[in-house]
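J.: Residues per chain, in single letters:
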Amino acid sequence: MTTATATATAVRTRTLADSATMIRRRLKHMLRYPAMTVQLIGMPVVLLLLFVYVFGGTLGNGLGGGGRGQYLDYVTPGIILMTTVGAATSTAISVAMDMAAGIVARFRTMAISRASILIGHVIGSMISIAVSIVVVIGVALAIGFRPNADPVEWLATAGFLAVFVFALTWLAVALGLAAKNPEGASNAPLLLMLLPFFGSGFVPTDSMPTALRWFAEYQPFTPAIETLRGLLTGEAIGDSAYQSLAWSAGIALAGFLWSMRLFGRDPGR
Amino acid sequence: MTSAIAVTGLRKSYGDNLVLDGIDLTVAEGTIFSLLGPNGAGKTTTVQILSTLIGADGGDVRVAGHDLATSPQAVRASIGVTGQYSAVDKLLTGEENLMLMADLHHLRRREGRRLAARLLEQFDLAEAAGKPASTYSGGMARRLDLAMTLVGDPRVIFLDEPTTGLDPRSRRTMWQIVRDLAGSGVTIFLTTQYLEEADQLADQIALLDHGTLIAEGSPAELKRLVPGGHVSLRFTDDGALTGALTALGTGFLDTSDDDRLTLQVPSDGGVASLRTLLARLEAAGIEPADLAVHTPDLDDVFLTLTGNPKDKDAVR
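Going down the list, the sequences are from chains A and B. Quick note on numbering: the first sequence equals residues 1 to 269 in the UniProt record's numbering. Quick note on numbering: the second sequence equals residues 1 to 316 in the UniProt record's numbering.
For reference, chain A alone in the conformation it holds in the complex (with noise of 0.2 Å):
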């Protein structure tokens, strides 16, 4: 083995220690402070029972007849999207608090790998996220939500998810890095939910006026939700898959390497 081949295996090899032990501390705050855990089910577990039983008779007669079963079918994928971004809101305030905190001063100062104080962040937020969507999509089968997705198709839906989510992390850690303050970080994603209600999360896209027409069928949530509500009940996906995957992808990269250029940067005083 030459040397640099052996640097960057050590390089690897710290990188993966010193991860799991920021993911652990990450999961240590999550279960020692599960206020914001609770808040994170709550919220779209809320919104689900809103959306079902005071405006899913009415919606789900504009979708075809079906009354509140069939607007259940239609609005669980949204909802799992808005659990989504209830997330990244608060991974974003998690870092912000995080940045503000003299710990991470003294992991600066530390030889440990500087990723792994982001990398902690993101795959701690993707475990909370699983478990919230997890919850939310048992409480809508408790309510009567009847996907037919067989076996490989959940394990797409796990896939597709993951990626979504992912991406949504690093922005939102970026975000969490660019604000201010942890007040700061907490209006940033704000607009994000916002943009399942501006998509076919709810309500069909061609029930709306033209111009939001336009951008609720060119924004990132409206290909996702409708990639998930394909795999979960069947509708047909056409190319919102790949539009959605795209997206992620592009999400993915620009939220990873800004977050990368704002944690390298010296810490403000």
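Hints were generated in silico from the structure; no laboratory data involved. Incorrect hints may have been included.
[As the list claims (entries may be wrong)] Once the Cα atoms are required to be at most 30 Å apart in a straight line, the calculated BS3-like pairs of lysine-lysine come out as:
{"no.": "1", "chain 1": "A", "residue 1": "Lys28", "chain 2": "B", "residue 2": "Lys90"}
{"no.": "2", "chain 1": "B", "residue 1": "Lys131", "chain 2": "A", "residue 2": "Lys28"}
{"no.": "3", "chain 1": "A", "residue 1": "Lys28", "chain 2": "A", "residue 2": "Lys180"}
{"no.": "4", "chain 1": "B", "residue 1": "Lys90", "chain 2": "B", "residue 2": "Lys131"}
{"no.": "5", "chain 1": "B", "residue 1": "Lys90", "chain 2": "A", "residue 2": "Lys180"}
Given chain A, work out where chain B should sit, using these hints.
T.: Chain B in isolation, oriented as in the chain A frame:
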């Protein structure tokens, strides 16, 4: 002796604000070096640069034999930093904080656990080990902070105002910890705005003011830079005082003594000059009731050198 830290021509500015204007300093291995200066002198910036946290605009820095610019990761592996604002994870317990450090230094679990237990004991934190660091008092958080710094067995430790905001008892505890560390061969780079602290701990002191070093030396050397040493002689009656003044040929009445019975005689405070002084008094048959030697303290040094009464509060 090899130097643990060697700095030449260190410069840093934030926009138009020049924070460090060409600093040169050398710290010998195993010694305590104190960077002393008022708020805003550039102390924290210096520590942040030397500990790789922020970049410099110019100058050469070697820490523990490694070049800061070309091998920051090697520098990081040799240093420990305890900043002005405690760098502990407030959401974790004291023990978890130490285990976090052990993991990041890739110690084996059992080894890490043993080290954590030993440090908790040593820093008087064993009882609070299972409590979240957010519940710790200022002194406890600072001790935990320093304990975390020690996990990697650093050769050079940076302490940025380690006792600012601590009560007198915690401060003395911290001083003892610092002395013990230096005793074990670790090099310590300490910043402080307390003259007493530098005087108590440091082998070498550098005075930083507005981004430049205005003096450097041992506490004793620095004190010699300023005049103002004298011997105070108090007498029981006016006659003895007048007699002493005649015998010595010099002296001033100490106006702070309400009885006007104290004479201040300029002196370097050394043994030889004291002996001469006492011999003259004895020859004149005069016995002082009380004698006190006043050597200038670092307060005098600082005020003389900065000449800036505005800073007086800061250097109190």
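J.: Please work out if B/Lys131 and A/Lys28 have their alpha carbons no farther apart than 30 Å.
T.: holds, 14 Å
J.: Check whether the Cα positions of B/Lys90 and B/Lys131 lie no farther apart than 30 Å.
T.: holds, 10 Å
J.: Against the 30 Å threshold, does the CA-CA distance of B/Lys90 and A/Lys180 hold or violate the hint?
T.: Roughly 20 Å between the alpha carbons, so the hint for B/Lys90 and A/Lys180 holds.
J.: Within a Cα-Cα threshold of 30 Å, do A/Lys28 and B/Lys90 meet the stated pairing?
T.: holds, 12 Å
J.: Given the hinted pair A/Lys28 and A/Lys180, is their Cα-Cα distance within 30 Å?
T.: holds, 25 Å
In this structure, none of the earlier numbered hints is contradicted; all agree with it.
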